[in-house]
Structures are given as structure tokens and as C-alpha cells.
Amino acid sequence: MAVYSLAVIVSAPLWGWLCSGMGAVRVLRVGLIGQIGALAFYTLPPTLASLITARALQGLFAGAVLPALLAQASQVALDEADRSQRFADVVRGGLLGGLFGPGLGGVLASDSQLQLPALAGLAALAVATAVAWRIPSLPATAQVVVPRAVGHRGELLVWLALGALAAAAMSVYEVGLTTRGRLALGLTARDIGLMFSGCGVVMLLAQMMVFHRGHDPVRAFGWVAPAFAATAAGLAILAAVDRAWGTTAGIVLVAAGAGVLQPALTYWTSRTAGGGAEGMTLGLRTAVTTAGQALGSLAGGYAFTATATGRALLAIGLVLLGLASITTHRLRRRLVSVHDASIAPRSVPRNRHT
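Numbering (this note's numbering), first residue to last: 5 to 358.
The set of hints was computed from the structure by calculation and includes no laboratory data. Honestly, I wouldn't trust all of these hints.
As the list claims (entries may be wrong) - If you anchor each label on the Cβ, the simulated ranges turn out as follows:
| id | residue 1 | residue 2 | range |
| --- | --- | --- | --- |
| 1 | G98 | P230 | 18 to 26 Å |
| 2 | A319 | V135 | 41 to 49 Å |
| 3 | R223 | Y306 | 37 to 45 Å |
| 4 | G98 | T309 | 47 to 55 Å |
| 5 | I37 | H333 | 37 to 45 Å |
| 6 | R334 | R217 | 28 to 36 Å |
| 7 | H216 | G25 | 43 to 51 Å |
| 8 | T133 | L198 | 27 to 35 Å |
| 9 | R337 | F104 | 45 to 53 Å |
| 10 | L48 | G326 | 43 to 51 Å |
| 11 | T133 | W249 | 40 to 48 Å |
Built from N, CA and C at the ideal position, the CB exists for glycine as well.
Based on the sequences and whatever the hints tell you, model everything.
Structural data, given as C-alpha cells:
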């Protein structure tokens, strides 16, 4: 699992940089084809070496897909509201995959035989690749860059840090939910799987409420500070209450917060970077959020134990989430003050590529 994360962390910024040179659609196609090659390893008799190789290749090419999708969504957006909505749609698609993919894989897998889930994954990737091949690559003349950056390098680092913190909090929650569910409540793997499915549904509902068609990105950003606060409250309840209602409340609060945080922070990271550095920045964001997920999983393993180290880690995490809520509340005031003509429709050449 660590090999996959490491491969994403290393490769995503490079893929993001290539989006500016090769074009986002070409990078997307390379990423999907590479994923097909990686999944092919699972059709072979599994060995430790083949599994590690497959995971490394999956991470290497997975680092290309998300930055490319986001960069392409940004390039074809007609205005800032449309760009924010497209980012939310990309995140929503990932949530749907995460909602149904693990369940399907668990049903198809048997003991150490991975051929059936691998074949299902290959079929899905083949369809995705065929769709990607029908997307026209934008020529250089169509990649119009408008003055949409609203910050500077220091502010961009803040956005990246907030994204990593949100990803880490979600990983802490996932480990905590599994730990509490099995040890404190005696839930089965099936019960925990259903809980994660419910989490995905809550995230989707939260996104649909905030990132609806024609929404104002600045107004939507007003939900980010409450989302960080809700995440902190959900983690605290999950850790303190060994009852079914506590687990349910934690799921609802953390999932609702994550549903808002992912698309909102992605959009404002992209907008602050500006057009020239957007691809590289989106790749870097993928890398830091993956690092946040890995560190969050590790911290979560300690945080939900009845030890001094666990309590200290959980307390530090809750303090960081509280500071993030305060920071984003202050940022909102600045974003409102600079929300000007950059929200106007973008000028895109009228040709077959648009």
C-alpha cells in the first residue's frame, strides 16, 4: 500500500507539468493505458514481487489521471462558476468509483485469486480509455489563460496544506471507524463496508447541496470553515463515544465535511495558481493529499487507542482542524474582496475543439 502512495507522490507533479506541454487529454490517455498494464499483473499467479510491481505501476499512472482530468476540466470551463462545478463533478465521479469499486472487488475476489476483479477493472478501464480517445485535445490557441489568480505563493502553500490536512483527517476517520467498529461495537466486515457506503452517500449529498449548477464559488467557500469544524467534531465523537449513535454521528459529520472540502480546496488551489502553473500545481496537490492520506492512516492507527500517544495525536489533529476552520474563515473575507471581473465568462475560440 505504501508503494502505491509513494509512486503517486513522486509522479503526480511531473504528470501535472506535462499537462502544460503534452496537453491534459494526452496525459489522461497515457495514464489510463498505464493503469491497464498495471492491472494485467493481477491476472498472473500472485507473488509478492508481482503485487508490489503492480501497485507501483498503478500509483505511477494514477498520478497522471486526476491532474489531467482537473486540468482539462479547467481548460474547457466557460467561467469560474462552471470551473468550480466541473471540479466538483470530477471529485463526485471519484467518489462513485470508491463507493462501488471496493464492494465489487470484494465480491469477485476469492482467497488469493485476483483474476476476476482484475478483469472487471480492465473492462472498466477499457471503456474509460475509449471515452478519453473521443475527447479532442485542445490546441495551444484554445488554451486561453485569463487573469484569474487571486493570491501569491504563500497563499498557494496554505491551500496545499489545507488540502493535505483534509485528506489526513479523512484517513484518520477511516482507520478510526474500522477500529471502533470492530473492537468497540463488534461489527463485521460487511457492517463496516455498509458504513463506508453510507459515508459515500453522505459525501455525495453534501456536494450536491453546495456545488449545484450555477453556484457561486465564493459563496460555496463559506461552507469550508464549517466543514473543517464538522470534521473535527465527528472525529471527537467517534473517539469518545462507544455507541452506535456516536459512530453514526461521526460518519455524518466527517463525510459531510469531506464532501465540501475536496472540491472547494481543489478549485481554489487551481485558481490561485493561475493558468501558467495550473497543471503543475494540480499535480503537486495530488501528491501532497496522497502524502496526507498516508500519514493520516498511520496517525489514525495510534489515535484511536487508549494510550497517551493516541490521545495526544488525536488532540493535535483536532487542534489543527480547528485552526484550519479559523484560517478558512479569515480567507473567505479576502476572497470576497477580490471576487471581481474574473468571474465573468471566459473567452474561448469558437471552433470544433471547444
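So, going through the hints one by one against the coordinates:
{"no.": "1", "hint": "G98 <-> P230: 18 to 26 Å", "verdict": "23 Å, holds"}
{"no.": "2", "hint": "A319 <-> V135: 41 to 49 Å", "verdict": "46 Å, holds"}
{"no.": "3", "hint": "R223 <-> Y306: 37 to 45 Å", "verdict": "38 Å, holds"}
{"no.": "4", "hint": "G98 <-> T309: 47 to 55 Å", "verdict": "30 Å, violated"}
{"no.": "5", "hint": "I37 <-> H333: 37 to 45 Å", "verdict": "44 Å, holds"}
{"no.": "6", "hint": "R334 <-> R217: 28 to 36 Å", "verdict": "29 Å, holds"}
{"no.": "7", "hint": "H216 <-> G25: 43 to 51 Å", "verdict": "35 Å, violated"}
{"no.": "8", "hint": "T133 <-> L198: 27 to 35 Å", "verdict": "32 Å, holds"}
{"no.": "9", "hint": "R337 <-> F104: 45 to 53 Å", "verdict": "40 Å, violated"}
{"no.": "10", "hint": "L48 <-> G326: 43 to 51 Å", "verdict": "49 Å, holds"}
{"no.": "11", "hint": "T133 <-> W249: 40 to 48 Å", "verdict": "45 Å, holds"}
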